[in-house]
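Protein chains in written order, with numbering that gives the first Met the number 0: chain A, 0 to 296; chain B, 0 to 319; chain C, 0 to 236.
Careful: at least some of the hints might be erroneous.
[Claimed, not checked] Lysine to aspartate or glutamate pairs mimicking DMTMM-like chemistry, simulated, CA-CA at most 20 Å apart:
| hint | chain 1 | residue 1 | chain 2 | residue 2 |
| --- | --- | --- | --- | --- |
| 1 | A | 96 | C | 95 |
| 2 | C | 27 | C | 155 |
| 3 | C | 116 | C | 95 |
| 4 | A | 170 | C | 95 |
| 5 | C | 70 | A | 195 |
| 6 | C | 13 | C | 58 |
| 7 | C | 211 | C | 95 |
| 8 | C | 13 | A | 137 |
[Said to hold, decoys possible] Computed Cβ-Cβ distance ranges for the label pairs, DEER-style:
| hint | chain 1 | residue 1 | chain 2 | residue 2 | range |
| --- | --- | --- | --- | --- | --- |
| 9 | B | 271 | A | 81 | 28 to 36 Å |
| 10 | A | 66 | B | 25 | 46 to 54 Å |
| 11 | C | 120 | A | 282 | 29 to 37 Å |
| 12 | B | 142 | A | 98 | 46 to 54 Å |
| 13 | C | 220 | A | 185 | 33 to 41 Å |
[Stated by the list, open to error] Some residues of chain B that are not near chain A, with every Cβ distance over 12 Å (derived):
| hint | residue |
| --- | --- |
| 14 | 34 |
| 15 | 205 |
| 16 | 210 |
Quick caveat, the hints were computed from the structure, so don't treat them as lab data. Don't be surprised by glycine CBs; every beta carbon is placed ideally from N, CA and C.
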Amino acid sequence: MTIDIASIAISELVEVLIDGILFGLQLSLLAVGLVLIFGLGGILNLAHGEFVIVTGVISAVLISSGWNPAAAIVIGILFSGILALALDRSVLRPVYKLEGEMEVLVGLFVTLGLAFTLEGITSYLFPGLYFSVRVPVETVSIFGLSFRASALVSGLISFLSLLFLLLFLGKTMTGKAIRAALQNQIGSRVCGIDVDRMRSLVFFLGGLMAGLAALAKGIASSVEPGSGLELTSYALIVGVVGGVRSVYGAMIAGILLGIVNALAGYLLGTYLTLVILLVIVVAVIIYKPSGLFAGGV
Amino acid sequence: MRVIEIPKPSIIFFLIFAALPLVFSNPYHLRILTIIAIYASFVYAANIIIGESRQLFLCMSALAGISAYTSAILANSYGLNPWVTIPAGILFSVSVGAMLSYVSIVRGLGEIFVAIVTLTFTLIFENVVLGLRWLTMGETGLVTPTLWWPFQEIFGRRIASYYTILLFAFLVSMFYANFVKSKLGIALRAIRSDRISAEVVGIDVTKYSVIAASIGSAILAITGSFYGYFNGMISPGIFSPSMDIVIILMLLLGGLRTLYGPLIGSTAIVLLLESTRGFGQLTLTFLGIMLVILILTFREGISSIAEKAFARITSSGWKS
Amino acid sequence: MDLLRVEGLKAGYKGLNVLWDVELNVRKNTIVSIIGSNGSGKTTLLNAIMGLVDVSEGDVVFKGERITHLKTQERVSLGIAFVPSERELFPDMSVEDNLMLGAYTPRARRKLGDSLKQIYDFFPVLKERSNQLAGTMSGGEQQMLAIGRALMSRPELLILDELSTGLAPAITLKIYRKLKGLSERMTVLLAEQNIHQAFMVSDYIYVLENGKIIASGSPDELSESSLIKSAYLGLKA
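Please construct the entire structure, taking both the sequences and the accompanying hints into account.
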């Protein structure tokens, strides 16, 4: 019996790559909401990660009190969407009245305050709680390569969510109106589009995407209170690399960073990986502040 | 030569703080007083970097931490006197702060991108500290060597450290009072109100902004090192992004670009944080709600509101 | 019947008043022009009619109804379409998507298919380029797209700001001819710096200077006026 070393290395590399893509899809899903909200709301929403946590917390609490898991998760995701909508309609209202850099700055601090508020409440009320969805099968092998079933399912859910978002934005009139509002607010208004309403809708969508990201993450690993700001910083990394206003950019950047993450993790170990990702962000901002894949919505 | 100005209310404030240990002499109270003095210096640094020169640095914790770690690690590894290694820490922090400022200005990054870059830098700092376990002890934290505080033989370490740190905060406060009236302070004001006109009249925006960032970094660095030696231990948890938030909160509460704001803000928030300690994680919620309310309702801060009220009382003949 | 009336309008930006007691009437199925030099307040007047700037005094009345406090999008739903001087297209979307968004209001959406066909007949170049991104087209094509997008909402009143800026005279002429043909079915209000073109197409003209209407009348009446002759036509002659 002979062992082909090269083929082992290659198949391992392929596994790492696919692992990276699956994780990258999760990152993309996490970032699209942030990017959508920044694009139309002009708010760099530092509470975005908390939307993920909120879905996780609500779902976990409902499941543990005997709800059907699917129903619990749907409620959890909807709740994040509604929470985002509520924030848009309440505390963020005064922020929109400001202009330019001031709006962005005040928005940044308001959402940071909201992030702390939510992080404090969820950690205080539900210490030790975590949201995790088990997939019945451990590993799946495809073409002789083996994958964790949970990573596959999580990647699939991320992919479907992103596809739903793309179809919605690309094919429906409402989706087109959102893209129109992202590109030109005066142009949208003279077309009869209510930009405020589109912004609320974008917050709701952003919240839903964060909720779906919670589901994807809950399947791949787990979601627990206290990690909201960390999730926000991941979303921010992806958003910045993709171009903070570009949904497509965020999707590509997420997958790319997922691959970088997996390769770096495979070759260098986890601790250096995050540092590498962060250094990439700094480099991108310094050399191309508009993001690597900016343009298009 | 210009006369150095020493504002009286500031002196009164520090005299009160110098007298407080006579009343609150137990170690717990003394610790709170010291922490107030530490944060007051931090907030003055923020007032210079964020307030005066409008660079939204979200890496103040990291700049303080870099210095604290550098000084402690050098002192530990080579058995040096910490007073010798503190300058090395300052040098390191100042170079990093100046570099971040230089790069952001030369690349023309807006405030929001400066915020993201510096926040990312803070995360990098945190992860490097966590990763270099053999050097920094990672999450556990590093025990700092013993620093000799002036007159500790007479008053004991606690009191000596408090007065050293309070004296430093006082000096920083005096520095700030004179800084805003200096050529540098005036140049920064011009840049703030209209950057392009400032450039046209020949004010070197890059130079002045980098100098402001360097001065702020130096104050952060010295205070960070003092914090480490006073605390006896440093960990990534101490110099985390939430420290930046606390500093900014103090700055906003007290009042951006004011002389007394940092003193009011740091006192109020340290006391608030201490009194809500029993609520555990809910403290975060209090901070968050405060931040939202502060930023939405009175961005001017307590100190300028107090000044206005004072002005209204003193000029009661006027109607506005 | 007056389709649009502007009554004693004062408007401007951030407390800085630009328009002073402007009175203006637009009769149904006519082409009305506002002429005036750069900075006379033409764009501000149109923006005020569209609800894009703050009105401090006076009213805008459309079909007998006060619309002064309606939002821009609500005015569009009532049947007013606007082609801003900056065109305000959606640069990263296709020509067809831009046109479809013109029919965003529920009223127009029902007839989207018909409208699209009409616009493509009207401006065949838009049909040829239907999949091209709006931002990549030439200035003239973008202007046609902007007009096409406005027409997609099936307006009763079409408002055009500075149609001729940045366009080759031949193209402007072509577009004006098409507009003339439209006025049998539609009312047009336009702001124009190019006096000759305004005189050629309009039924009625208002002269705006420093935010005030200083003269008005049919092109024939105005060309008799010594004021207009010296101030405008004289310069061009």
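Exercise for review: Run the structure past the numbered hints and jot down the numbers of the failing ones, going up.
Suggested key: Hints 1, 7, 8 and 11 are the ones this structure does not satisfy, whereas the remaining hints hold.
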